[in-house]
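These protein sequence lines are chains X and F, in that order.
In this text, residue positions in the first sequence follow the numbering used here: the first is 1, and each later residue adds one.
In this text, residue positions in the second sequence follow the numbering used here: the first is 1001, and each later residue adds one.
Quick caveat, the hints were computed from the structure, so don't treat them as lab data.
No residue lacks a Cβ here, since even glycine has one placed at the ideal position from N, Cα and C.
Some hints could be false.
Taking CB as the label site, the calculated pair distances span [claimed, not checked]:
1) A1017(F) to E23(X): 47 to 55 Å
2) R171(X) to G1210(F): 38 to 46 Å
3) T1042(F) to R141(X): 51 to 59 Å
4) S1040(F) to G46(X): 25 to 33 Å
5) D1110(F) to L144(X): 46 to 54 Å
Going by beta-carbon spacing under 8 Å, a handful of chain X positions derived as facing chain F [what the hints assert, rightly or not]:
6) L90
7) V103
8) H107
9) A115
There are 2 protein chains.
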Amino acid sequence: MSPLTRSRQDYLKALYALAPAGEAVPTSRLAARLGVSAPSVTNMLGRLAEERLVSHAPRAGARLTPLGRRAALGMVRRHRILETFLVKVLGLDWTEVHDDAEVLEHHISDRALAAIDRLMGHPDEDPHGHLIPDAKGRLARRALTPLAALPRGARATVREIRDADGRRMARWKEVGLVPGAEVRVREVRALDDVFELEVAGRRVVTGSEGLDGVLVQPARVESHGARS
Amino acid sequence: MSPLTRSRQDYLKALYALAPAGEAVPTSRLAARLGVSAPSVTNMLGRLAEERLVSHAPRAGARLTPLGRRAALGMVRRHRILETFLVKVLGLDWTEVHDDAEVLEHHISDRALAAIDRLMGHPDEDPHGHLIPDAKGRLARRALTPLAALPRGARATVREIRDADGRRMARWKEVGLVPGAEVRVREVRALDDVFELEVAGRRVVTGSEGLDGVLVQPARVESHGARS
DNA sequence: GGCGTGCGTTAGCCTCGGCTAAAGCGCTTC
DNA sequence: GAAGCGCTTTAGCCGAGGCTAACGCACGCC
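Using the sequences plus the hints, can you model the full thing?
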């Protein structure tokens, strides 16, 4: 059993990202995600299967075993703790820290990671609003809605910004679409693909492109005879 | 020119550590230092020579070129900033942070390193008392004396603790031999290899083994008619 | 001045994690 | 049922950075 090299860790992470619930993922999807050729994926899946980290039925894609899933969640934890650290402690911009975290997650020791986590008071969310798995790899579940799926008039609170193009994230940040922000959908013009939002009191007009990277928690419906 | 991989960086660092003034270093010394076979060293020196980072006359050892020296000092800077960070910010023990720094120095981005440096207020010494090269790779010079070389009666201030066996460093820390500590040599029994010291008021008896890892700045001689 | 010895180099091989080219499986379509 | 097509796998290769075994240079010793 070779130790989990950087490359192996990346495969496990990708597999988790593409199929968090454990579905089978086609070779080609992994290849595209990792920026690697399909034969390289087949090859690596073979090794990972030997090590019981994934199961790989020929021509039927790959899925994480419980062991692989634990490893993947460990990487997610490391990544999110590091992103939080880079933003909260080092003062870097949350639209730009992804790449640094991507490298460091493979190399920081458990001891140093624990110290960072302690320093920050064991945060449970990273700067993008993603939940941080606990040390045992448990991740709370929550149901969020893509902002673009909200109907006209809906109110909601922004909860997560999915890692995306840095420039797009910077733009979102600029207009106030950050975790915690309150949003109201003023108008949806589906045919024109135009959303008119009110974010923290300001009017924002945008197309839907990429907007499914903004996940929100809809406010409880303000029913007429508001009972509560 | 391939980018400076981890392995290359380690060779340059080792070369600098073994010959800070730019002397030639024999293949075997490098091999021992890096924990690698001699042929591997010859091989790598060939590559580094092609890249103008070292000069390598066959059978006459290797030395850093100015380019290689700059790269090596860059690594020293990274290492020392990271050690300082691990101790000062994360609260880890300075006898144990070497290995973490050793890994991270190869992987942290310039941007994150700069942020760490800024956070700490641009320290000029690491927790072992080593000077940190500036961003241009300049390193102040200072002349220090091994503690074991002091004569009976001498007073001095501890300035640097060279990276050594973690247990030994822990012991030194325990007895108070840390950068900044004041020491007086109460007795030297050369034949028995015994040093009797007074460190921060406490009496410490030790052999010389490894004690050259403790570097001190001797106090100005307290001459009889103390002038000043 | 010849010879042994030790260090350095050469030769050849390995693993990891990539690659391209080519082959093959299986699904769809006629 | 044959052909075509797309995705996956196999085959064979590469470079980085290791390794061992074997060779060779140079120096010290007699």
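Structure-based check of each hint:
1. In this structure, A1017(F) and E23(X) meet the distance hint of 47 to 55 Å, their C-beta atoms being roughly 51 Å apart.
2. A C-beta distance of roughly 58 Å is found between R171(X) and G1210(F), which places it outside the suggested range of 38 to 46 Å.
3. Roughly 57 Å separates the CB atoms of T1042(F) and R141(X), a value that falls within the hinted 51 to 59 Å.
4. Separated by about 29 Å at the C-beta atoms, S1040(F) and G46(X) satisfy the suggested range of 25 to 33 Å.
5. Distance hint for D1110(F) and L144(X): a CB-CB separation of about 35 Å, inconsistent with the stated range 46 to 54 Å.
6. For L90(X), the shortest C-beta to C-beta distance to chain F is roughly 4 Å, which falls under 8 Å, so the interface hint holds.
7. Below 8 Å, beta-carbon pairs count as interface contacts, and V103(X) has one with chain F at about 5 Å; its hint therefore holds.
8. For H107(X), the interface hint holds, since its Cβ comes within 8 Å of a Cβ in chain F; the closest pair sits about 5 Å apart.
9. Interface restraint check for A115(X): the shortest CB-CB distance to chain F comes to about 4 Å, inside 8 Å, so the restraint holds.
Checked against the numbered hints listed earlier, the structure breaks hints 2, 5; every other hint is satisfied.
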